[in-house]
Every structure is written in C-alpha cells, then in structure tokens.
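K.L.:
Sequence:
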Amino acid sequence: MIVRAWKLAALHGTITPMSMPFTTRTSAATAVLLLLGGFTASHATEADESPWRDQFARSRTLYDAGQFEDAEKSLTAFVKGTERLGLPDLEFAEALTKAGSLYLGLGRFAEGTRHLERSLALWDRLPGVRHPGPLWAANSLVTVYTETQQLNRAQKLAERTLQRRQELLDLYPLERAHTLHDLATVYQLRGKHREAESFLRTSVALMEQYGSADDERIMHVLVTLAPVLVRTGQPESALACIQRARLIGEKRFGRDHMVLGRVLIAESLVYRSLNRTPDALVAIEKALAIVPAYMEPLQQAALDEYARVLRQKGEKRNAETAETRAAEIRERIGAASRHTVDIKALTRDRDR
1424 MIVRAWKLAA
1434 LHGTITPMSM
1444 PFTTRTSAAT
1454 AVLLLLGGFT
1464 ASHATEADES
1474 PWRDQFARSR
1484 TLYDAGQFED
1494 AEKSLTAFVK
1504 GTERLGLPDL
1514 EFAEALTKAG
1524 SLYLGLGRFA
1534 EGTRHLERSL
1544 ALWDRLPGVR
1554 HPGPLWAANS
1564 LVTVYTETQQ
1574 LNRAQKLAER
1584 TLQRRQELLD
1594 LYPLERAHTL
1604 HDLATVYQLR
1614 GKHREAESFL
1624 RTSVALMEQY
1634 GSADDERIMH
1644 VLVTLAPVLV
1654 RTGQPESALA
1664 CIQRARLIGE
1674 KRFGRDHMVL
1684 GRVLIAESLV
1694 YRSLNRTPDA
1704 LVAIEKALAI
1714 VPAYMEPLQQ
1724 AALDEYARVL
1734 RQKGEKRNAE
1744 TAETRAAEIR
1754 ERIGAASRHT
1764 VDIKALTRDR
1774 DR
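Numbering (the numbering used here), first residue to last: 1424 to 1775.
Among the hints, a few may not be true.
To be verified - Using 30 Å as the maximum straight-line C-alpha spacing, the simulated DSBU-like pairs for lysine-lysine come out as follows:
#: 1; residue 1: Lys-1709; residue 2: Lys-1736
#: 2; residue 1: Lys-1496; residue 2: Lys-1674
#: 3; residue 1: Lys-1615; residue 2: Lys-1579
#: 4; residue 1: Lys-1496; residue 2: Lys-1709
#: 5; residue 1: Lys-1709; residue 2: Lys-1739
#: 6; residue 1: Lys-1709; residue 2: Lys-1674
Stated by the list, open to error - Simulated restraints, written as ranges between beta carbons of each label pair:
#: 7; residue 1: Arg-1587; residue 2: Arg-1748; range: 36 to 44 Å
#: 8; residue 1: Gly-1677; residue 2: Asn-1575; range: 35 to 43 Å
#: 9; residue 1: Ser-1635; residue 2: Ala-1716; range: 17 to 25 Å
#: 10; residue 1: Ala-1500; residue 2: Leu-1585; range: 32 to 40 Å
These are computed hints drawn from the structure, not numbers from a lab.
Note that the Cβ used here is the ideal one computed from N, Cα and C, for glycine as well.
Given these sequences and hints, build the entire structure.
P.N.:
Written out as structure tokens, the structure reads:
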C-alpha cells in the first residue's frame, strides 16, 4: 500500500460530467493515492480564473517536476493564503480538497488527512452540489485511511460514497472508477480477492471508456489488480497487467520517478510468483533505490517484498534484516494512525 502520487482523487486528470468530453492533463500518479488514490494532475472547473488556482498550479508544477521540498513550501503558502481570502464555502472546500490530496502525494499524511476531513465536512454542508469535490475528498480520504491501516474507516467511507453519492457518481464516472478501486484495495487487504478483482476490472473498463488506454490512472488500478490475479491463480495475466502498468508509468514519469516504486514492488511480487527470482530481485532493488526514505508506507512495502525475494533466493539473514526494518516502519505508521481528528474543531474557525 502506498500513496505517493498515486490515485489521489483530487489530483487526477481533468474530469468533466459524463455528457462532456474527457481531457487528460499532466499528473503525478494520489495520492493516491494512489497514493495514491491517487493520485495526479489537478482538476479544472468552469471557475478556473480564481487566483488561488494559479497558486495551487505552481505547487503542482513543482511536484510534477520532482521538486518536492519546494512544492511543499509552495503548498503551505497556498493553504495560508486561501485561509485569508474568505472564499465561498464551495471554493474553500475545493481548495482544501486539492491541498489535502497534494499533501498526501508529498507523504504528509497528517496534514493531508486534516485538510481532507475538513473539506469533506464542508462538502457535506452543501447538499445538492453537482461539483465532483465531495468525491475527490472522499476518495482521497479512503486512500489515506487505507495507507495508514485504518481499514474499517476506509471501507465505510467508500461504501458510504457509493450509496449516498449516486447522482454525482453518474455524472463523474471516472470518480466511480476511483471509488471502486479504493474499495477493491480494502477487499484485497482483507483477503476478498474475487470481489476485489471484479471491482478492479470494472474500474479499468470505466477508465478506458471515459479516459484513454495509456492514462496513468489505469496504471494505478493495474498495480492493484496484478497481485489480486496472482492470488486468484492467474500469474501470467498478472505479468501482462504489471508490464502494461510499467510502460504507462515510464512513458509518463520516466524510469526513475518514485511513482514507479509501487509498480516495481508489484512487478517483483509477480516475478516471484513465477519463480523468476533474479527478475524479482532486479525489480525490488530498483524500487528501493527510487523510493525516498520519508515515504514510509512505500518503504515498508518495498522492504517486505525485498525480504520475501531474499528468502526465495535463500538469503535468510539478509531477509531477516529487511523484515526488522519493515517492522520498525510499520510500528511508526501504526502509532500515527491511532491519532484521531476532531472534525468540529477543524471547522470551528471557518464557522465563525
């Protein structure tokens, strides 16, 4: 599980209602979600002239260029600026959603969660809104809850979104694809692989129908689908799936962008399932080389997979060292996930 620049819902491509054309824009995989969630590039809306959008675009440009420290400084300035602008609730909710999702892409889970939960509370106070913002916020939150091992919260929010946002999901089918991907990820982690496979295939079909076949958002879904196919006894299909994901990622980001880390982890798993240990080792060592230390969930996932490859290779002692490092990171993430956020406190200043 990792968020940096993958399936971050508020940072996907340009998303328009189903009756309007879909336009792909630059993106950085989050936020995801996925990591992101995704992440990926900022949404455009009809009211795209607001100055705060230009400020966010600068933060996003720095992020896309891999200048993560400068992107975070710019994003912090953006958040402080929007607080002072006195924006209408809808615009303020959108600004918080985008800021929260980009914070997730930068690996700043606490800040991302805080802004996204605050924005979702604001969206919930705007009934009947036909803006995709509530879906962006919910999908990004599901991603971060999943990344921080809060699976009950992630599943409940994804299911709530599918049940209560039907009209919006019909208008924005790509967001339905992201919600299905998020819920499938939770199912996968809970061992419900057949259910996860069904949701993931539907998600890919929606993205291909309303997007493009080489969109990086498909890459994120394929990266989730590949391990599921391994678990359901389809390793050759999993290999084709992950190879397609890697081609998309390298075309969009280059060979050394950290967003490829998650792709390479999944690729290692697939090769390992086929007993192609040397290929698995090449993939996972590449992942470890490009994943920054502060992206702890991604580091943990890479180390876990590295340990498995080493065990398959017969290097027990080195595997145990990798497992110890992964366990230390897992404990830090678990401690952070026990922190809860008071939504009323977050929105108090805005309500005055």
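K.L.:
Against each hint, give a clear statement of whether it holds in the structure.
P.N.:
Tested hints:
no.: 1; hint: Lys-1709 - Lys-1736; verdict: holds (17 Å)
no.: 2; hint: Lys-1496 - Lys-1674; verdict: holds (28 Å)
no.: 3; hint: Lys-1615 - Lys-1579; verdict: holds (16 Å)
no.: 4; hint: Lys-1496 - Lys-1709; verdict: holds (29 Å)
no.: 5; hint: Lys-1709 - Lys-1739; verdict: holds (21 Å)
no.: 6; hint: Lys-1709 - Lys-1674; verdict: holds (17 Å)
no.: 7; hint: Arg-1587 - Arg-1748: 36 to 44 Å; verdict: holds (41 Å)
no.: 8; hint: Gly-1677 - Asn-1575: 35 to 43 Å; verdict: holds (37 Å)
no.: 9; hint: Ser-1635 - Ala-1716: 17 to 25 Å; verdict: violated (34 Å)
no.: 10; hint: Ala-1500 - Leu-1585: 32 to 40 Å; verdict: holds (36 Å)
Going down the numbered hints, you'll see the structure goes against just number 9.
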